Amino acid sequence: MDYLLTEQQVMMRDLARKIADEKIKPVAAHYDETEEFAWPIMKIIADSDLFGVYIPEQYGGLGGGVMDMCLITEEFSRACGGIALGYAGTGLGTFPILLYGSDEQKQRFLPDIAKGKRLAAFCITEAGAGSDAGSIKTTAVKDGDQYILNGTKQWITNAGEAEVYTVIAITDKTKGSRGASAFIVEKGAKGMEFGKKEKKMGIRASATREVIFTDCRVPAANLISKEGMGFIVAMKTLDNSRPGVAAQAVGIAQGALDHAVEYARTRVQFGAPISSFQAIQHMLADMGTQVEAARALAYATARMVDSGAKSISKESAMSKLFASDVAMKVANDAVQIFGGYGYMRDYPVEKYLRDAKITQIYEGTNQIQRNVIAGHMIKESLKKQP
Amino acid sequence: MNIIVCIKQVPNTTDVRIDPATNTLIRDGVESVINPFDTYAIEEAARLKERCGGKVTAITMGPPQAESALKEAISLGCDEGILVSDRKFAGSDTWATSYTLAAAIRKITDFDVILCGKQASDGDTAQVGPGISAHLNIPQVTYVKRIVEISAGAAKVERMTEEGYDIVETPLPCLFTVVKEINTPRMPSFKGMMRAKSAKILKWTADDIEADPAALGLDGSPTRVVKIFTPEARKGGETLSGATDDVSKELVELLKDLVI
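Residue numbers (our numbering), protein chains in the order written: chain A, 7 to 392; chain B, 338 to 597.
Some clues are possibly wrong.
Lysine-lysine pairs mimicking BS3-like chemistry, simulated, CA-CA at most 30 Å apart [claimed, not checked]: (1) A:LYS123 to B:LYS408; (2) A:LYS196 to A:LYS206; (3) B:LYS386 to B:LYS482; (4) B:LYS408 to B:LYS386; (5) A:LYS29 to A:LYS49; (6) B:LYS540 to A:LYS112; (7) A:LYS49 to B:LYS425; (8) A:LYS123 to B:LYS534; (9) A:LYS31 to B:LYS517; (10) A:LYS206 to A:LYS112; (11) A:LYS24 to A:LYS206; (12) B:LYS517 to A:LYS24; (13) A:LYS143 to A:LYS31; (14) A:LYS121 to B:LYS537; (15) A:LYS29 to B:LYS517; (16) B:LYS537 to A:LYS31; (17) A:LYS179 to A:LYS385.
What the hints contain is simulated information worked out from the structure, not anything from laboratory work.
Note that this is a predicted model, so its numbers are computed, not measured.
Use the sequences and the hints to build the structure in full.
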């Protein structure tokens, strides 16, 4: 499919593909096994300038948008969904600053993020606040020109590795979701600690930890936008980042599919390659079609976001929902085509299945995405009533 | 520090095919890339520039399409590229090639270090680098695996040998050919690719480099290729089996027959 990418986007994608094929693929199994954070790869991505694709040129980036970020994330994910998350998770942690930060905050944080000198992380989830994001308990109390943060964030991608954290905390308990605010906290802040590294089913090259705030003082200059805007910052951030999850899912699906087609061509049973059997051909055809449809939806959504469209929640949710379900199905079918070999960790496809699963869960479960989509559809229908 | 990197565009294959009629390389249908050994020279040049400042100039002799190799070199950290190209260079052997490149480099005048890959993956002669230094009458160190120290007028390098390495001190300017142990070449950067895209490649002809026409191309090449062929693959050896005493006697008889 020709997605009419610009010349610059083709160059970016090809560079990301080169890094994925030459640098990430050979080490994907190693990092999955050891669960180490792939710093050598992050350094390569940093040197390639690709950390800055979605950051404006005035802050040291390449001036692209969500679409460019999706192209890169997809390519990295094709090789390893976990390593790709070090990149994509930095995007998630950066969006609050990019979307709502002051010029001063952007000057202070974006150039280092664009250069890949510092990774970022987004902190909203807590033990009691998953899908119910409104029930977060972490507090921020103003004290002179500082805020004092207390609480524990859970399952934070890039935690411990990142240097810049965007944190949602409650500044006014009486106002519900309108009492939340967003802050930038830098690694090393006194009173900020990290929990143990979580042991996960997939995306094991990605670092996931608790972020614990105990009387952690944050300069008031690090408040993003103003008090009470935290929930809006978070929701808009997720609207912008979900096409990135969709791209990650498309990449994982494409990676699994590539392995499946190659294996089907070379695996001989009953005296013929299994790709000559219609049962396998039809599976491959469905997988290929689904991946392309997911990619088309992800790109269309990313372009809509970049166009400056105001209402993007429904489309953003759709892209994440569809692509992650496709990733799960395609990775599952890829394991099936590999048969017993597919179940063995010596072969690459079972990892795609483990990596795909998270895309149905994080940045809003697919059930929450359906709530968002249906909610918008019903609202739109109501508006049409005379 | 002004650094010159000599590169060559080669077919992207380890299975080089030769046209039996002309005894030249068949380039049709094979993608062209920078000679893999030269990528280490480019990387070392970029690192020297990061270490000491200055400018890196990539230079190649080749047909017009070799411009893409120079652009790639720019995306990998070189500042500018010079394509030395003229029909008069056609058929150059290593002597004429190194003469031509030396003439072009003499035009650059201000340089401290010339870096080359140890050899090209198509011709495999490893003669052009040393040839350039001979034509320029400057020192050379081949098979460099590490540049230990480098300053305005001198350098200390490690030269790989079969047993280990030599430590060589040399005045500058000097030509180094490098081995793959010297570094791990970086990936191109996006900004480098954009710079390469808009970079103007200088194009120099035989007249531009003020070369002696008699020393160029086929006429200037003392090498005559009589025949070029792929040697036959070795057949497998013979295996003797049986009781140790019998086998050793049999082996001695066979060796006697071979008159070793």
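So which of those numbered hints doesn't the model satisfy? Result: hints 6, 7, 10, 13 and 16 break, sorted rising.
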